[in-house]
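There are 2 protein chains.
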Amino acid sequence: MSPGSPILVLDSGLGGLTVAKAIREVLPHDDILYFGDTARLPYGSKTAATVTTFIRQIISYLRPHDPKHVVIACNTATALALPAIRSEFPDLSISGVIEPGAKAAVAAAGAKEVPTIGIIATEATVRSKAYERAIHRRRHHARLLLRPTPLIVPIIEEGRGTDDPLVKLALRQYLEPLIERKIDVLVLGCTHYPILKNLIQKIVGAKVKVIDSGQQCAEDVARRLRSAGLLRGDSVGGGSIRCFVTDDSPRFKVLASRFIGHEIDSPKWVSPDELYRVALPPQPDLRKAI
Amino acid sequence: MSPGSPILVLDSGLGGLTVAKAIREVLPHDDILYFGDTARLPYGSKTAATVTTFIRQIISYLRPHDPKHVVIACNTATALALPAIRSEFPDLSISGVIEPGAKAAVAAAGAKEVPTIGIIATEATVRSKAYERAIHRRRHHARLLLRPTPLIVPIIEEGRGTDDPLVKLALRQYLEPLIERKIDVLVLGCTHYPILKNLIQKIVGAKVKVIDSGQQCAEDVARRLRSAGLLRGDSVGGGSIRCFVTDDSPRFKVLASRFIGHEIDSPKWVSPDELYRVALPPQPDLRKAI
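Chains as they are written, first to last, in our numbering: chain A, 1335 to 1624; chain B, 1335 to 1624.
Since the hints were derived computationally from the structure, they do not count as laboratory data.
The structure displayed is predicted, hence computed values, not measured ones.
Beta carbons are placed, not taken as given, at the ideal position from N, Cα and C, and that holds for glycine.
It cannot be assumed that every hint is accurate.
[Stated by the list, open to error] Here are a few chain A residues that sit away from chain B, every Cβ distance over 10 Å (derived from the structure):
(1) Thr1381
(2) Leu1485
(3) Ile1489
(4) His1596
[Stated by the list, open to error] Listed next, the in silico DMTMM-like pairs over lysine to aspartate or glutamate satisfying Cα-Cα at most 25 Å (straight line):
(5) Lys1602/A <-> Asp1607/B
(6) Lys1543/B <-> Glu1359/B
(7) Lys1587/B <-> Glu1457/A
(8) Lys1502/B <-> Asp1546/A
(9) Lys1587/A <-> Asp1568/A
(10) Lys1516/A <-> Glu1492/A
(11) Lys1516/B <-> Asp1546/B
(12) Lys1463/B <-> Glu1457/A
(13) Lys1463/B <-> Asp1582/A
(14) Lys1536/A <-> Asp1607/B
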């Protein structure tokens, strides 16, 4: 691989585009390959075995593009699959969104002796305790309040706006118990949530620092590439973004523009069948027969 | 196959259990194999190509059980995949939930010259126009109002009760435009929705006939088995229900009891990998090599 190799950004669907967008802002000359597993989304209610299988297939499929870095731009997949996937692909540089988010949360908590940090995320991310581990490793004395907020993703996917009373009610229901317990910091522990960041900030109040892990993740990727000597110079012009999806729905292109902030090319459809063929466990006898 | 052969009931997840329950009430001596594709749910936002692939895999996997009938207990899968699946498995008896629902809706519309029939369903079911076709074939002069209601499934899957203000607000938002246009009949065009039937009936008012297609579907299955001479007698005692899932989450067993009305055995986990192996297109050379 070389500084010109692409960065892979993987997600269950659209949410990871908030991370891709942040990476484009920090590394405007890099090419990004974005994979949205839209045939099998969401990941947030599913188990580690299932999500790890899906991520393994996606990386196996995209590997021939010789990526200089792979970002698992989905909190659920980071929480459930990152350690297993790293050990299965030891020659690839792979990062997730939870460590950068945890680091930013601890920094935002500042000097307070025992800060209270709220984290909203999918059920699977909450159950995994990945945020507890990542935050407590950096700061032992922090009170953590985790809250699964499973309706936020479908609300965003439906395309509801922030003036919709149902959106406000859902956020108030989820956030009020955290506000009552006086959180100092709120981590948006799902890459979809930054779409509603302004409304969330308004509900929790200006004193609460709201952490968007996509932003932190992009800076983390830049740091990793810099230290590996893989930053791409600005002589090449603007980088490209190319998308892959497993369900070929016109929805993707429409909603994607809302996430990334500009029009994108039509994504390439990769059927789940194709993923399974690429990622089937090696069967030496069969291979010889072919 | 024989009268003792099982009935297969297929769904993306839990919703089809409302149909399985109705089948158990109508055919209490029959064995049911229920398949919930929990690793890849929901189907309601996905395309025909994707959903047809999933249903093909599931039927290929369960086929060795020699089913006397297959019910696609999911409106989205019925709308997107039933005709293709029927032609791929010509020796199997396969039915869905839309024809029985449409038949019941037309019957409920009664003698009114131009009845107004509302249908709430997933985005994919609405887009497919399957309900329009099924109702207009039976009754040309009916005004149909279709409404995608994508949040209802995640609301039910989250386990929210009918006294939750967000559940009431979501249903009111979705149903009010139908009430204003004076529907005579409302079809619950998704097998999850009967869980909220009482609240839906309260919101639309007692004059509107609310159709639960699961009930109609069960009667349709009984009729088909009777005419094929495949009804199972009562000498064998109560039938069993055995569940299969693609994501092995403890959620399934817990929420399933809410749908089926009693405790069920732990489901058997069938990984999507296993499904792909069973359903890979035949490759004669490879088969010889094995």
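Open item on the list: For each hint given before, does the structure comply? Return the numbers of the non-compliant ones in rising order.
Closed with: The structure conflicts with hints 1, 2, 3, 8, 9, 10, 12 and 14, although it agrees with all the remaining ones.
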